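Based on these hints, arrange chains B and C on the given structure of chain A.
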Amino acid sequence: MFGKLLKYDCRSMLKQFGFIWPAALALALINRFTLGGLDGSSAVGETAAGIAMLVYVAILMAMFVIAVIFVIQRFYKGLLGDEGYLMHTLPVKPWQLVASKLLTAVLATMASVLVAVGSIFLIAPMGWSDLMNLFSFLGRLFTHWNIQATHAAVGTVEVILLMMASFAVGYLELYLAMALGHLFSKHRAAMSFVAFIGVQVAIRILGNIVLQPVDSLLGSLVEGLHGPSGFHATVWIAIAGEAVVSAIYFAGTEYILRRRLNLE
Amino acid sequence: MNDLLVTCTALTKRYGRKTALAGVNLELGRGRIVGLLGPNGSGKTTLIKILCGLLQPSEGAVLVDGAPVGPYTKSIISYLPDRMYFADWMKATDLFDLFADFYSDFDRTRAMSMCASLGVTPSDRLKSMSKGTKEKVQLVLVMARKAQLYLLDEPIAGVDPAARDFILGTILTNYNESGTVLLSTHLISDIEKVLDEAVFLKDGAVTLHDTVDAIREREGKSVDALFREIFRAHDFEGGAF
Amino acid sequence: MEWRFTEDRPIWQQLTEQLTVRILKGVYPSGSRLPTVRELAAQAGVNPNTMQRALVQLEADGLAVGSRTAGRTVTEDEAVIQAARRERARDAVALCLQILEELGYTKSDALAFVKEELRDE
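Residue numbers (our numbering), protein chains in the order written: chain A, 1 to 264; chain B, 1001 to 1241; chain C, 2001 to 2121.
Isolated chain A (complex conformation) (with noise of 0.2 angstroms):
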């Protein structure tokens, strides 16, 4: 069941960001051959350049916009307005659908991530061999550094997986605070925003209270360790933190979805 719950989501993530993913990378393509007009040689190919580059950045920018409105949206008329009652009458468990929609959330950053990492190496004028001469490059660079290549494929790994609990936990915030605002009869749109602070608030102080004296002990632990060892110890140990909160959100979101939930 929740690979079905699943496919539905990511076919209207595949609907809402259908158009923005290529048009970026279209709009890099174009920049690639517009950037060359910079040099000053015309002045018409001096304000394509400018056009195409203002254009460029204003998609990512957009790209960026429609992925967060993405992932609230989907929560919010998905699960807490009319859409719900099609979600919460199908024979899945609650948590199924938290997970869903949150995996989906995170998969959509992801790949607007990657799209506009990939549209910058699209945009820069470089060809395989540039790309190899890169690697090559980043190769040696580890190499004097005295880290290991499985070190540093693992560290990207870790740090991917890093940004992705970083994303999760964030959009968890935000679907804890929009479950803790339909717990109100009225105004439940503007009571999100007001548990919204009030869930930063509360993970601060809880934070000063609890994570200060477990951080400081970890921070000594991490100390002790040196170079790459070091590297990992401190993502993971970033990753387990995030972990730790997320579980936190999505547990008090599947509770008011289980039992608390009243679409009116």
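Derived from the structure by calculation, the hints contain no laboratory data.
Errors might be hidden in some of the hints.
What the hints assert, rightly or not - Derived BS3-like pairs: lysine-lysine, alpha-carbon spacing no greater than 25 angstroms straight-line:
1) Lys1018(B) x Lys1202(B)
2) Lys15(A) x Lys1146(B)
3) Lys77(A) x Lys1091(B)
4) Lys77(A) x Lys1074(B)
5) Lys1202(B) x Lys7(A)
6) Lys77(A) x Lys1146(B)
7) Lys1146(B) x Lys4(A)
8) Lys1127(B) x Lys4(A)
9) Lys1134(B) x Lys1146(B)
10) Lys4(A) x Lys1091(B)
11) Lys7(A) x Lys1127(B)
12) Lys4(A) x Lys77(A)
13) Lys7(A) x Lys1018(B)
Claimed, not checked - Rough simulated footprint, nothing fancy, chain B against chain C, three-plus residues with beta-carbon under 8 angstroms:
14) 2008 to 2022
15) 2045 to 2055
Note that the structure is predicted; figures quoted are calculated from it, not measured.
From the three backbone atoms N, C-alpha and C, an ideal C-beta is built for every residue, glycine too.
Frame of chain A; chains B and C shown alone:
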């Protein structure tokens, strides 16, 4: 299989200080068409939404086929809400795919033939459909399932008499014979002859629950006439009566 | 022939009566197969359980034979059909007499009046 399909015990629902349901006790058997009758604001929609899990009761308990509301009960309930709930960019066939994916009792072939007899083109986008056509699509989705409990919230409100007859005909010819249909309405004269049982809901409480024939035999008048008598003090909406 | 219902009596009784009239009129000829419960219910726009009850009564009256699963047929026993016809006719005459008595006719006046009316036709 449980003998009783639906059991509500002392079911109460409050919205803030307003009480929508005040201790409803209700038992429904299998294989019947039951009318949930009451004026607007009597708690019909609230009761139906609690049965399908969109609202949580303040007090009391609900059992559907012996189980509390959850994934199992949702898998045997087919619900027609009082509003449109799907994304506009989809086609009717996309919705059929979705229903076929999630409900093992959804009969795609039947859905397609119902579309044909209702004059709906299932490959059209919902966006391009009129309100009436969208309602028909929703009705097809609900009736093409071989569910144990059909919950139909005001299926004939706001449609013209021809469409009303068509909807009732669709319900009569398509519901699963061993399933129960619970349909809420305040337009009783139109549906009285399709009902087995009538449940009168007044101010959030069940005031009468009997078979239509027993009511007619005992009272010597139609359920509609009895309804008007009981609810005379109420202010009915619109010119429906 | 349309299905019509009045407000004051159970619907199944009215269904039995109207099914009987259809058999007497030959809409469902003697020995022919009756439509299924579901078909009849859809035609009349009534609940299948109500139609089922009406058909059970029709069986009790001897007008329909067979079972729900195998399908019902109209009886081939002419005596039963004739009896049902007489029964309906008796009801009609009783109603007619009742109305005429309300209008002030005695029974013999009423009979004379009916004869007179028939002669004029």
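Verification of the hints:
1. Lys1018(B) x Lys1202(B): holds (14 angstroms)
2. Lys15(A) x Lys1146(B): violated (31 angstroms)
3. Lys77(A) x Lys1091(B): The hint holds at about 19 angstroms.
4. Lys77(A) x Lys1074(B): holds (21 angstroms)
5. Lys1202(B) x Lys7(A): violated (44 angstroms)
6. Lys77(A) x Lys1146(B): violated (29 angstroms)
7. Lys1146(B) x Lys4(A): With a Cα-Cα distance of about 21 angstroms, the restraint between Lys1146(B) and Lys4(A) holds, given a limit of 25 angstroms.
8. Lys1127(B) x Lys4(A): Holds. Lys1127(B) to Lys4(A) sits at ~24 angstroms (cutoff 25 angstroms).
9. Lys1134(B) x Lys1146(B): holds (21 angstroms)
10. Lys4(A) x Lys1091(B): holds (18 angstroms)
11. Lys7(A) x Lys1127(B): Roughly 22 angstroms between the alpha carbons, so the hint for Lys7(A) and Lys1127(B) holds.
12. Lys4(A) x Lys77(A): This hinted pair holds, its Cα atoms lying about 19 angstroms apart.
13. Lys7(A) x Lys1018(B): violated (40 angstroms)
14. 2008 to 2022: holds (count 5)
15. 2045 to 2055: Check passed, 7 qualifying residues.
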